[in-house]
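There are 2 protein chains.
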Amino acid sequence: MVRIVILRIGHRPERDQRVTTHVGLAARALGAEGMYLAEADNGVVQSITDVVTRWGGTFFCKDNMKWRRCINDWKEGGGTVVHLTMYGLNLPEVIDEIRGKDNVLVIVGAEKVPGEIFGLADYNIAVTSQPHSEISSLAVFLDHLFSGTELAGRYADAKIRIIPSKAGKKTEEV
Amino acid sequence: MVRIVILRIGHRPERDQRVTTHVGLAARALGAEGMYLAEADNGVVQSITDVVTRWGGTFFCKDNMKWRRCINDWKEGGGTVVHLTMYGLNLPEVIDEIRGKDNVLVIVGAEKVPGEIFGLADYNIAVTSQPHSEISSLAVFLDHLFSGTELAGRYADAKIRIIPSKAGKKTEEV
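Listed in order, the protein sequences are those of chains A and B. Mapping of the first sequence onto this note's numbering: residues 1 to 174, in sequence order. Mapping of the second sequence onto this note's numbering: residues 1001 to 1174, in sequence order.
Simulated from the structure, these hints should not be mistaken for laboratory data. Ideal placement from N, C-alpha and C gives every residue a C-beta, glycine not left out. Please note that the accuracy of each hint is not assured.
DEER-style ranges, computed between Cβ atoms [to be verified]: (1) B:1097 - A:46: 38 to 46 Å; (2) B:1015 - A:49: 30 to 38 Å; (3) B:1169 - A:76: 48 to 56 Å; (4) A:73 - B:1152: 44 to 52 Å; (5) A:53 - B:1154: 22 to 30 Å.
So, partial list: chain B residues that the calculated Cβ filter (under 8 Å) puts toward chain A [to be verified]: (6) 1130; (7) 1147; (8) 1156; (9) 1157.
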């Protein structure tokens, strides 16, 4: 199964804390292995780590990464680099090819992305050619990549689990 | 084809403006018809309206809606009400049933949702039983509902369109 790590770039510590936390949590819930954050922001790391502690699994979050080095290291290790951007090729055209890779770094930008990224990425991929959200783009990308199988994911070492129900909130402590 | 309108509840004008705008833009890009916002927030309405003006289509955004009345009116009109919540039934189990409906109001909450909503909704649906983001939940829900066909959507009356490309940014004024 393809291994996915997110690289979040363009994060501004004050303004983007919540959106970046959503990026990380969506990445975790939809099957990614971890997230590198190209900025120092302990608040994001803490929020995501808290969720992992409570809800289980091994998702990691590392801040203060240098994005150029991160991308170069990934490529030198033989991995594939995908950049999600509304300017890229439409997802359905390329997703089968990506599914055949072993290690994929998914770059998720904020509003402005350095032009250099488009050239460094092996694939620039659009989830529709319309403006929406990096969170929704990443979600649809991961869901297509894993063909929906990630939706039934269970997490080891969870302290709490939800018991799906028609109405109301049911959880179990484990 | 099933007609989808979003009802965004629990929005706090200062804190949630960006996340709610992302909810609206994701809804638009992934095939919904419009969004009701259960709070007064002209900033959100303006941001979404600006995107519609530039990128086309007929997506609407109305703020200052009363959520109880909105839900009741929808049900009285024979429509179906879906509430996206991590406590609900898992998406793959119910999506075929939803696809057979004509008019679906999708309730998208912020962090806290009034307990009453669980009872008012015809369906409480989870996109994974894990905490992530209302934006990623909505995106995966819409993408499953429309079976990915929404990804190739084109919008009437657009002033700008993207020409999908391998690397770089190509647009055309129309």
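In rising order, the numbers of the hints this structure does not comply with: Violated: hints 2, 3, 4, 5, 7, 8 and 9.
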